[in-house]
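**Q** As given, the protein sequences belong to chains A, B and C, one line each in that order.
Just so you know, we're using our numbering here: the first sequence kicks off at 1 and counts up by one.
Just so you know, we're using our numbering here: the second sequence kicks off at 1 and counts up by one.
Just so you know, we're using our numbering here: the third sequence kicks off at 1 and counts up by one.
Since the hints were made in silico from the structure, they are not lab data.
Be aware that a few hints might be false.
Derived coverage of chain B by chain C (criterion: at least 3 residues anywhere in the stretch with Cβ under 8 Å from a Cβ of chain C; other residues may be distant) [what the hints assert, rightly or not]:
#1 120 to 134
#2 164 to 171
Computed footprint of chain B on chain C; a stretch qualifies when at least three of its residues, placed anywhere within it, have a C-beta under 8 Å from a C-beta of chain B [said to hold, decoys possible]:
#3 6 to 20
#4 30 to 43
#5 83 to 93
#6 160 to 174
Positions of the beta carbon are idealized from the N, C-alpha and C atoms, including for glycine.
Each chain is listed here by its residues.
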Amino acid sequence: MMNRGREVIVIGGGLGGLWATLTIAEAGHRVRLFSLFEVMRSHSVCAQGGINAVFDAKGEHDSVRQHIVDTIKGGSYLANQPPIQSMCEDAPGLIRTFERMGVTFSRTPEGQLDQRLFGGVKHRRTCFAGASTGQQLLHGVDQQVRRLEADDRVHKHEWWEFLSLVKDADGVCRGIVAMDLRSLEVRAFRADAVVLATGGLGQIYAPKTTCSTNSTGAAASRVYQQGARFANAEFFQFHPTAMLGEDKTRLMSEAARGEGGRIWVPRDPADRREPARIPEAERFYFLEDWYPAYGNTVPRDIASRAIWKVTRELGQGVGGSDRVYLDLTHLDRGFVASRLGAILSIYRKFAGSDPLQAPMEIFPAAHYAMGGLWVDYEKDTSTGGMRPGSPRNHATSIPGLYACGECDYAYHGANRLGANSLLSASYSGRVAGEAVVSYLNGLATGAEAMPAEYFDAEIRYQAQINQHFMHARGDQNPYHLHQALGALMTAKVGVVRNNAELDAAIAELAELEQRFARLDLAEANAWANQSLAHARQVFDMVKLAQVMAASARARDECRGAHYKPEFALEMPPDKYAGDPEFEAYRARWKANNAEWLKTTVAEYSTDSPRISFEPVDLSLLQPEQPRDYR
Amino acid sequence: MTDAHEPRTIELRIRRQDNPNSEPYWHHFALPVRAGANVVSALMDLRGQPVTTDGTRVDPVAFEHNCMEEVCGACAMLINGRPRPACSALLADLDSPVTLEPLPKFPVVRDLLVDRSRLLDNLKRVRAWVRIDGPWDTHEHPPRLSQQAWAANYLYSRCMNCGCCMAACPQFDQDRPFVGPAPLAQVRLMNAHPTGRYDKATRLHAIMAEGGLSDCGNAQNCVRVCPKEIPLTTAIGELGRQTTVQLLKDLFGGA
Amino acid sequence: MSSSIHNAHFLLRRVHSLLGLLPVGAFLVFHLWENSQSRLGAAHYNEQVVGALKGMNYLPLIEITVIALPLLFHALYGLVIIRAGRAEPAQYPFLRNRLYWLQRLSGLGLILFLLLHVGLTRIAGLFDPSIADDLFAHMHGALSQPLVFALYLIGLLLAVFHLANGLATAAIAWGLTTSAEAQRQFGWVCAGFGLALALLGIHGLLGFLTASGAGASA
Ligand SMILES: Cc1cc2nc3c(=O)[nH]c(=O)nc-3n(C[C@H](O)[C@H](O)[C@H](O)COP(=O)(O)OP(=O)(O)OC[C@H]3O[C@@H](n4cnc5c(N)ncnc54)[C@H](O)[C@@H]3O)c2cc1C
Ligand code: HEM
Ligand code: HEM
Ligand code: SF4
Ligand code: F3S
Ligand code: FES
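Start from the sequences and build out the full structure, keeping to the hints where you can.
**A** As structure tokens, this is what we get:
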């Protein structure tokens, strides 16, 4: 290697973190990769459905432009448009690179990449690997990183938890403090740049979430508490089709709808017959009725709210409960088995019944954080996209700290389209990696020149917190505090919100935070003490939940996943563009945009998050068209 | 769905160990579980009130979990004597009392937590990756692949490195060199990739060394316990063929 | 490049497998066929069968290179292989796993049997020409004792099982049978082969029991 290379830390080994690692290490720098567990077990493996990229494999006149438009509109115009443009343009190349790594994408009879339909779009644009796409993609990059590890170009710290950043006098990030989850040793690591790729935060809604048990958002919360800005926290996606469960609500991929699955309830909620015995005429296919153009493949926020409405407002859930049917039984068995085998087996294993025999029973569950750490980008005025290789891309508000993957806020605005986040996680990891390489080129002094006391002071501080938690002898069990948090957020900061409940939530969260003063860790073993790590995470989750509640409280409108009925603008039924009623609606919609089409930015302060707003770059597509999936 | 059932009480016998160097011991717990509960969810519930059947409050049991839907491989342990992922082990299907032990053949970290780094090191040993020039995009189309070839490869790509197959294999153990079935299956997968096959000989030589393919004794427990139904023994047979050819090439092919 | 030559591990394992099949396995088949002719009477057996063999040129050389050395290598290296595994037939009561365990058990049993068997026949014959001269009578005497008969029966069954199962696993090791289905079907073929071979062996054992051996039971 030409230059000796610098020292970079990547935190998180999901798709985002591994892509960043790969990019930085291939550029000749040394990477230390931190993860709570072996990286190939990261939450990214859970993704089933697929990853979007325009190949137009089915001759549908699909285009990159259309992908951009769908993504912008899907997110209700809330995302900055230059990054979206670059991501969609680069998507096909990214897929080909995955393919080169050995990812087993499903094939057409001609041996080419196959594509399937996903929610919120009219074209078959989603590449997939059976129904385990996330696992295949993650393992593809994991293998590449293992190759670099074997060549000593990447050093993994698995079973280490990131605790905090170390910043110099100018506020530049110069390293991290992390804890060995076995020995509980707290150690500092110097780094010339740090990339945070710690994934989502669905555990804040536990157990009613499709996310892995390690998707806590604690790491993002920690850097937020150290001064990084957090954007659009109120936008959290509830996936419409999750199977019911007490420990976790398991996702039934959107692919189930994309491949022809239909959602319905009996017209009579008191109907106790086996679903197969209910005749067509007595079934209410409410998505197909309400949204004839998209039918079952409307975007997630719309489907979730429709299910919410049918069950909670109309009282039409199966047997009057919070359940609706997701039906595959009318489809060809061989076809379904080959396309959706993995999710069918999940359902069989966990619900004990066969989706090919009887419809699945599903309900919406917390799924994906559109919001996340605020990250910058540099616009390339000649193309309208992001300037490739700019050190500003994916830089957080803390110099030297980058963020990518689900823990950033960049690509999905108010609502993420299905199969767009494997794309954004991978793509943003690569972009962040390239940005770090540029940042390092311009870096005058490296972290090795930093005086040791910065690091020692942070180690002492973090070790002190550990000591405090270890010896806490109150009456609050950390696992119960987590349950309380999940119940509170699900009830009051969920699919449908109102300000009175949000105010209550904010008060209850403050109270929950207080309860940590009376913590009882109930575990003294100083080796692999999981309660300690968990308690620390739950505390930081509460801090992040406060950001979510405060951001939701601040936004008085309906946009994407954030829905406050009080402020809903109802689209006039059966009226389309040109009709005066529709145009009046359009005018109201535009007026609302003028007021609310802006990014929410939260900044840490000791009492409550400081919320402000910043404008969105709309240079590609002005908001002229309300989202309309009828 | 089974959610009409009443909660019932189950008994758990858990083999515990405080750290890698201490002696194992047993704890018995009884706890109410809801219908549809699995071993991981029971262990999660137990964390909040870890009280044994004789009323002693003990440290919560350490164990690993993440996806809760049998794709991450984190939660594998020995359940009633069988290695399997705990999240997909429904308590309703298990004989009571349910005996939980750490996944055998791997060093215990604490309680049900084991260190599977050996498995990952073995993936390095067999070079289980496709060597690409770099992570940048090229402008070539992906090579074509028949649906049949895809289907055969896809089976192997679903391995989640849980280690169950290794735990059940009589030839694999901490202090023995055998790489184990899961890494072998990855060799089969990589060798079939259109460019991965360029390194076929290197991978084959890696599994023709000590601890390689021929240390498999065809006990075939691996394929019986694999939760992902990966055809490990088919991979072993196919690699048998590939190594046979490689041996002939080495002996008589000149290169 | 040719690391399978530089690193002998793989080659040794394949040689072990090959020797088990080719000279040793083939010898067993031949040997049991040879002994089955005890049915045709003492005279026939001593003169036509044993006598014909004894008449071969370079017999000791053939015995050493084609039988003794391969067997010795296979058995000794077999011990090395056995040390590299630990069977758990009770914990995993699957058929293949039990066979795996039996393959090793039968190998160990065979070592004991062969020490006894070869010692009492071929080696003893070197010192006591009368044994070699009338092998039929010698075997008749030995096998008439129930204990010896039982030992021979066990040794025979162990050897036949070991060969038949070895054939099935060798087919996987060399890559002849790959799919689970092929392995299963070939397993049945091997079971049939083993059964036939066992019957042939038992037929021969019983042949030595008829006192004069005169009456070929046709
Ligand atoms: C059930 C489900 C299905 C999905 N299906 C799809 C789909 O079909 N298509 C699609 O496009 N998207 C899908 N998504 C979304 C997508 O999977 C995720 O957004 C994406 O995988 C996130 O990747 P990531 O790299 O950001 O984070 P993750 O994969 O979550 O990785 C996070 C990493 O951070 C590490 N980490 C976290 N905290 C710390 C810490 N404190 N210290 C050290 N390390 C830490 C973890 O160890 C882990 O390695 C799905 C999501 C869910 C929940
Ligand atoms: C069916 C029962 C068997 C009978 C009746 C039998 C009989 C004999 C006899 C009579 C000899 C002496 C040959 C001679 O001295 O020239 C002999 C030799 C031998 N037998 Fe057997 N045998 C039997 C089973 C087996 C089995 C199961 C094996 C295992 C492989 C075996 C291996 C040998 C060997 C290795 C020799 C020495 C051969 C030589 O060096 O010439 N026998 N047997
Ligand atoms: C009668 C004499 C014997 C015959 C005909 C014979 C034959 C065979 C055959 C055909 C195989 C299969 C090889 C493969 O799987 O590739 C085999 C395997 C084996 N043999 Fe023998 N063998 C004999 C004696 C012995 C003895 C005395 C031992 C000593 C312990 C032994 C130990 C083994 C072992 C351990 C294997 C298993 C190898 C593996 O599965 O990897 N065999 N034998
Ligand atoms: S092959 Fe099966 S049992 Fe083995 S590690 Fe992979 S998934 Fe687990
Ligand atoms: S259990 Fe082990 S011995 Fe071989 S067939 Fe499977 S690897
Ligand atoms: S928790 Fe992921 S496999 Fe069980």
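**Q** Which of the numbered hints above does this structure break?
**A** Hint check: 1, 4 fail, others pass.
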